[in-house]
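Generate the whole structure from the sequences, applying the supplied hints.
Chains as they are written, first to last, in my numbering: chain Z, 1 to 385; chain Y, 1 to 132.
Keep in mind that the hints were calculated from the coordinates and are not lab data. Small disclaimer: the values here were computed from a predicted structure and weren't measured. The beta-carbon is built from N, C-alpha and C at its ideal position, and this holds for glycine as well. Each hint should be verified, as a subset may be incorrect.
[Claimed, not checked] Listed below are the simulated SDA-like cross-link pairs for lysine to any residue, each with C-alpha atoms no more than 25 Å apart in a straight line: (1) Y:K74 / Z:Y132; (2) Y:K22 / Y:Q54; (3) Z:K122 / Z:S28; (4) Y:K10 / Z:N130.
[Claimed, not checked] What the simulated footprint calls covered on chain Z by chain Y, stretch by stretch (three residues with Cβ under 8 Å from a Cβ of chain Y suffice, anywhere in the stretch; the number is not a length): (5) 124–133; (6) 371–379.
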Amino acid sequence: MRDDFRPGRAAVVGAAESDLGMVGAGYSALDLMAQGVGRALDDCGLTLRDVDGIFCATTQSRLAGLALAEYLNLPEAYIDSTSTGGSSFMGHLVRAEAAIAAGLCEVAVVAYGSTQRSLGRKNTSTAEWNPYESPFRPFLPTTAYALAAARHMHEFGTTREALADVAVAARQWALLNPQAWEKTPLTVEQVLASRMVSYPLTIRDCCLVSDGGGAIMLTTPARARTLSRAPVYLLGAGHCTTHQTISNMPDLVNTGARISGSMAYAQAGLTSSDVDVVGVYDAFTINTILFLEDLGFCAKGEGGDFVSNGRIAPGGTLPVNTNGGGLSYCHPGMYGIFLLIEAIRQLRGECGARQVPGAEVALAHGNGGVLSSQYTVLLGGAGTI
Amino acid sequence: MTMNETLEPKLSPHARYVQHLKAGELAYQFSPAADRAVFFPRVLCPYTGDAALQWRVSAGAGTVYSTSVVYPRKGEPYNVALIDLDEGFRVMSRVVTDDPLAVAIGQRVAFRSVQEEGLDEPIPVFYPLEAT
Numbered sequence: 001m002r003d004d005f006r007p008g009r010a011a012v013v014g015a016a017e018s019d020l021g022m023v024g025a026g027y028s029a030l031d032l033m034a035q036g037v038g039r040a041l042d043d044c045g046l047t048l049r050d051v052d053g054i055f056c057a058t059t060q061s062r063l064a065g066l067a068l069a070e071y072l073n074l075p076e077a078y079i080d081s082t083s084t085g086g087s088s089f090m091g092h093l094v095r096a097e098a099a100i101a102a103g104l105c106e107v108a109v110v111a112y113g114s115t116q117r118s119l120g121r122k123n124t125s126t127a128e129w130n131p132y133e134s135p136f137r138p139f140l141p142t143t144a145y146a147l148a149a150a151r152h153m154h155e156f157g158t159t160r161e162a163l164a165d166v167a168v169a170a171r172q173w174a175l176l177n178p179q180a181w182e183k184t185p186l187t188v189e190q191v192l193a194s195r196m197v198s199y200p201l202t203i204r205d206c207c208l209v210s211d212g213g214g215a216i217m218l219t220t221p222a223r224a225r226t227l228s229r230a231p232v233y234l235l236g237a238g239h240c241t242t243h244q245t246i247s248n249m250p251d252l253v254n255t256g257a258r259i260s261g262s263m264a265y266a267q268a269g270l271t272s273s274d275v276d277v278v279g280v281y282d283a284f285t286i287n288t289i290l291f292l293e294d295l296g297f298c299a300k301g302e303g304g305d306f307v308s309n310g311r312i313a314p315g316g317t318l319p320v321n322t323n324g325g326g327l328s329y330c331h332p333g334m335y336g337i338f339l340l341i342e343a344i345r346q347l348r349g350e351c352g353a354r355q356v357p358g359a360e361v362a363l364a365h366g367n368g369g370v371l372s373s374q375y376t377v378l379l380g381g382a383g384t385i
Numbered sequence: 001m002t003m004n005e006t007l008e009p010k011l012s013p014h015a016r017y018v019q020h021l022k023a024g025e026l027a028y029q030f031s032p033a034a035d036r037a038v039f040f041p042r043v044l045c046p047y048t049g050d051a052a053l054q055w056r057v058s059a060g061a062g063t064v065y066s067t068s069v070v071y072p073r074k075g076e077p078y079n080v081a082l083i084d085l086d087e088g089f090r091v092m093s094r095v096v097t098d099d100p101l102a103v104a105i106g107q108r109v110a111f112r113s114v115q116e117e118g119l120d121e122p123i124p125v126f127y128p129l130e131a132t
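Given below as structure tokens:
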């Protein structure tokens with residue numbers, strides 16, 4: 001990542017979810033992507049004919065960029081459909097910003113859609129045979145995260161109760177979000193007593209399996225000034241790919257987020273103490289603990305203590321995953337775009353009961369694969385550039 | 001050898017690995033340039049880009065790096081573990097015991113090659129060291 005990054009070359013001007021949860025038989029991933037695009041355009045006052053840049057990914061289309069260009073009739077749009085799993089959309093945001101700065105496009109959409117709940121996981125993701133892992137039947141991705149959790153427990157004394165605290169905090173935030181899938185309270189005891197999936201992770205340590213999609217819009221600062229919404233800016237970004245398969249992760253308790261976060265902070269000239277609202281990709285409860293450590297919100301090994309006593313729940317000292325997260329709000333398989341949408345909404349002050357008052361700097365941390373791709377972005381309102 | 005030389009035509013890195021398993025051996029590659037083990041088997045060293053990887057056979061002794069127990073909706077729970085071999089490489093495997101939850105991080109284990117029903121190739125599994 002370049003060190004001379006200068007924020008303000010492009011503005012994030014729109015953000016919207018598609019329908020979430022269980023959308024109904026017959027809807028496609030592209031339907032949800034397009035619905036997200038339509039709503040994000042409405043959100044900022046641009047029209048479909050303004051769009052000349054497509055950045056998208058989904059597990060349900062081998063050529064997602066072509067599919068969305070066809071669906072939206074955008075034959076001349078600049079296309080990037082790179083997939084780094086759930087972190088894809090952080091990468092799309094960074095490259096959309098760069099593409100606008102470079103003059104490759106002027107109005108870019110970052111989009112995602114999935115009908116994973118309606119169709120079932122097996123029908124929406126291709127299982128790849130790996131001769132060094134598949135014969136041992138890890139229940140992926142869960143077992144990969146379980147191995148990380150077990151190692152974290154071994155090295156630092158982290159408890160299953162601490163993991164459960166993450167799920168409980170996410171649920172408390174979800175109860176403040178009308179869009180969240182989960183509508184009832186959750187206790188630590190319930191998490192611990194729920195069905196074991198891959199020890200030490202129970203089903204309540206695992207993210208939801210939902211349908212859903214969304215989109216965000218970026219454009220030039222000049223064009224942003226003509227639009228209705230207060231612009232949000234990319235302040236810094238970083239990424240790190242430590243491995244693809246969990247047996248190749250160098251260190252199960254130190255993720256690439258340490259590097260991706262350092263890059264993002266350095267680029268933005270900020271530290272973790274400057275962040276007002278935090279979003280980390282909580283596919284599993286251990287993720288939140290690992291990422292809060294690796295992104296500098298607490299010391300390595302102290303994540304279990306850090307997430308306890310309601311510290312990351314509503315009313316706590318650090319607002320984390322204010323939409324309810326992948327654990328309780330929605331998780332259609334590649335969750336990164338929802339972290340971006342929530343960060344943008346928090347910076348625009350639109351979050352109602354879950355709004356972090358005066359939020360000016362938001363961190364959105366994407367994760368892809370099995371702790372494989374780590375992608376951190378820092379976003380800020382107009383006052384931050 | 002440079003990266004531009006032709007690849008061994010008949011025996012891919014994976015095929016060589018399987019050939020060793022069929023002989024009851026756990027093989028891995030060693031990079032002289034990087035002075036370290038390389039696993040999974042591949043055609044060039046991921047640390048130096050050097051194609052000159054040597055094949056070595058592990059003594060088969062290792063330590064459990066992490067462990068999980070998968071609870072399938074149908075069938076019995078089973079162990080999945082990551083094993084650090086003494087030669088400095090890690091593999092996914094399972095530790096064969098009566099109680100999969102009893103497998104512990106730090107436990108010493110020993111390799112055995114097994115041919116399982118339903119699999120085309122033998123796989124490396126591990127037994128608690130004291131039991132072998």
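Consistency of the hints with the structure:
no. : hint           : verdict
1   : Y:K74 / Z:Y132 : holds (24 Å)
2   : Y:K22 / Y:Q54  : holds (19 Å)
3   : Z:K122 / Z:S28 : holds (15 Å)
4   : Y:K10 / Z:N130 : holds (21 Å)
5   : 124–133        : holds (count 3)
6   : 371–379        : violated (count 0)
When the structure is compared with the earlier hints, a violation turns up for hint 6 alone.
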